[in-house]
Structures are given as C-alpha cells and as structure tokens.
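A.B. asks: Sequence:
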Amino acid sequence: MKLEQVFESYKENIMPTYTKVPLVFVKGKGSKLWDIKGKEYLDFFPGWGVGNLGHCHPKVMNAVRDQISKLIFIPNNYYHVPQAKLAKEIVYWTYPAKVFFCNSGAEANEGAIKFVRKFGKGRYEIITFENSFHGRTLATLAATGQKKYQEGFAPLPEGFKTVKFNSLEAVKGAITDKTVAIMLELIQGEGGINIASKDFVQGVKKICEEKKLLLIVDEVQTGMGRTGKLFCYQHYGITPDILTLAKALGGGLPIGMMVVKKEIADILQPGMHASTFGGGPVICKAALASLTAIQKEKLLAKAQKSGEYLLGKLNKLKDRYPAINEVRGMGLMVGLDLNISGKPVVEKCIEKGLLINCTHDTVLRLMPALNITKKEIDKAIEIIERSLIEVLK
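Numbering (this note's numbering), first residue to last: 591 to 983.
Heads up, a few of these hints could be off.
Said to hold, decoys possible - Label pairs and their computed distance ranges (CB to CB):
id, residue 1, residue 2, range
1, Glu-630, Gly-763, 51 to 61 Å
2, Tyr-668, Tyr-911, 55 to 65 Å
3, Val-596, Glu-937, 17 to 27 Å
4, Ile-664, Tyr-911, 48 to 58 Å
5, Lys-610, Thr-829, 33 to 43 Å
6, Lys-678, Gly-861, 24 to 34 Å
7, Glu-980, Val-611, 15 to 25 Å
No lab work stands behind these hints: they were computed from the structure. By construction, the Cβ of each residue, glycine as well, lies at the ideal position given by its N, Cα and C atoms.
Using the sequences and the hints given, assemble the complete structure.
C.D. replies: Structure (structure tokens):
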C-alpha cells in the first residue's frame, strides 16, 4: 500500500476512535522508527509505555519465533509451560500471590474491581482519585477521575468515589460502611505525571489495614522498570493487596495481569471470571524474555541513571525558558509542565524527528525505553529546545 492508500483505508474502514498523526511506520529497532518514506524518528513515547525495551528487542523476537513454531494457542482449561513459568517469575519479583492473566490494563483493572466486590460480601464502594485513569471499559471508566473520558457514556456503574489526590483527609472522609477498596496510581500518567508522596501512600496503606479495605495499585504504566525499580510500589515501602500490570509486560505484545495476595486469591473460583486469550503461550514467552532482558541487561540501574540525566537536562531547559512551569518525574517517566499549549511543541518535535506526547493540554510526556542512550537523550533535548524556541517566537 502507498501512503495515501493507507490513509484512505483508515478513513473508510476503521472507526475514528484515535486522533491520528499522519505518519505510517513500517520498521522499528531500539528507540528508532522509520516511516513509509524512509524518514527516521527517535521514539521517546513508545506506545504509552509499552516499549520499555524499545522496538523489536532481540530476546523478545527470538522467544516469539521459538514459541510460535510450537504452539500458538491453548485454552485456559488446559495447562502450558510458559504461563506456569511467567506466573512463578512475577510472584518471585513481587510478593506471595497468585495471578490472573488477561490481555490489557483495562481488563486487569476490571478484574480487580470484580475481585474486591466479591471479597466485600456486600461492601462494593471503591475510592479512586482525581486525574486518575484506569481504562475504557464502563467500570474502569467509572473509576477514572477525569470527567472528559466519561462524557456520553452515562449511566456508568455505581460504587466509585473520586477524591483529591495526595490527600489523606479526603480519603478518610470518603470511607463508609460500604467501602471495600482504594484504587491508586502511584504516578498518574494520563493525569499529567502527578507523583504520589511517600507519606500519602503509606497513610493510605495504614487506612486500608485499619478499615480492612483492599489496596489496588494500578501499575499498568509504571510497571516493568519504568520508574527505576521493577514495580513502582517498591519505592514506597508498601505491598499492595492487588497489583495490576499490562503495557510493558509483554515486550510489545498484548498482555494484562492481576496479582493478588495469596491469602485472599482463591476468592475467585471457576466460572466467576475468565479471559479467553489471557496468558497464551506466545505472549507468556515474550513476557518471560522481557523480564530476562531487564535483569540481564541491568536496565533498572540504567533507567535510574538515565532518568536522573534526563531530568537534569530538562531542568536546565526550565531555567532558560519561562514557558516551563515544572519538571516532574521518576525514573524514565517524565512530564514537562508548560504554561502554554503543548500540542504545537509536539508537532514541531515530530517535524524534527522526535516522537513525544502531550497530556492534560500542557504537559509534555517523555517515556523513552529503559535502554535509551545518553546520546539519544541529548538529541531529544536539542529537538525539544529548538521546537520550544520556534513555538515561542
């Protein structure tokens, strides 16, 4: 297909659920992408955090090739080795737990919502937070603390209370005898890279213990090394009751997971919840390869070091340009909060061969691969600065 034929096919045959950037990519390697015309781009926002290893990591590709030649699909009423191995690995790196496999972050969060309602035996209310984002299904949309995503989909499922982020008083004030859980992103990605304070998170955990509530930590975007630790909750000195994962877990392939503390995990019994394609052999093999790459290539330490370097460079930009209000981030999950619209800056960056994202209208979001190089960071900063200069003229 030629460029215009691709655009025409999308227009005629695909529902317009995404705001499209007029780029057609045909190849990716590491942190680089090439479009249909052969132009090279530096990818600093690989799939909302899916690409923690960059594009087409050799270990993931080899694992997929190996598994796809043996067994592609087996339903979940049978056993298979890759799923057993992946479950064991995730439990090893988290806490004593059992896991549920699905295909996306929304599915993982939907599973968590169902789980806590079953656990609650009549308690069903879940406290969530302003500017949170938990998914696009009706229940996860109801849990999401942003009205703009909910408009037009009423009536949403009941049982969700949205309160101020980083406020223990707001949490305490929302608890009733119907409350069963608190659902929390430690870093709100879609909310503008808002970081939960350590005191707040530890306070929420204490409240959960005192009130016999379950703590759901949504790490769909922060998991798998994004913040410099394998899981973001490890920065906070707490252990969630339920951990939800997706995006980067599969090394580029679709997977979701709900990780539930072992002492309560058996509440869901056969027939109560399922996912036809959840945890298939190919995707589990890819996820295992992704975990191996993170460990063997020391990507957690690299993410910490590269994150510090990136934040340092961005703060120097902030010192030079009053249009930058604040730089926020942890590891390689970084937001550049502007006092102007971020969209023109993103467009200028794309013109110059850098892919970034804008969220909340004014926050430039950078989430490069964990194996990003210093040279690539320098190039990205140079493009962002040039783009800012042009927009501010």
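A.B. asks: So which of the earlier hints does this model not fit?
C.D. replies: none
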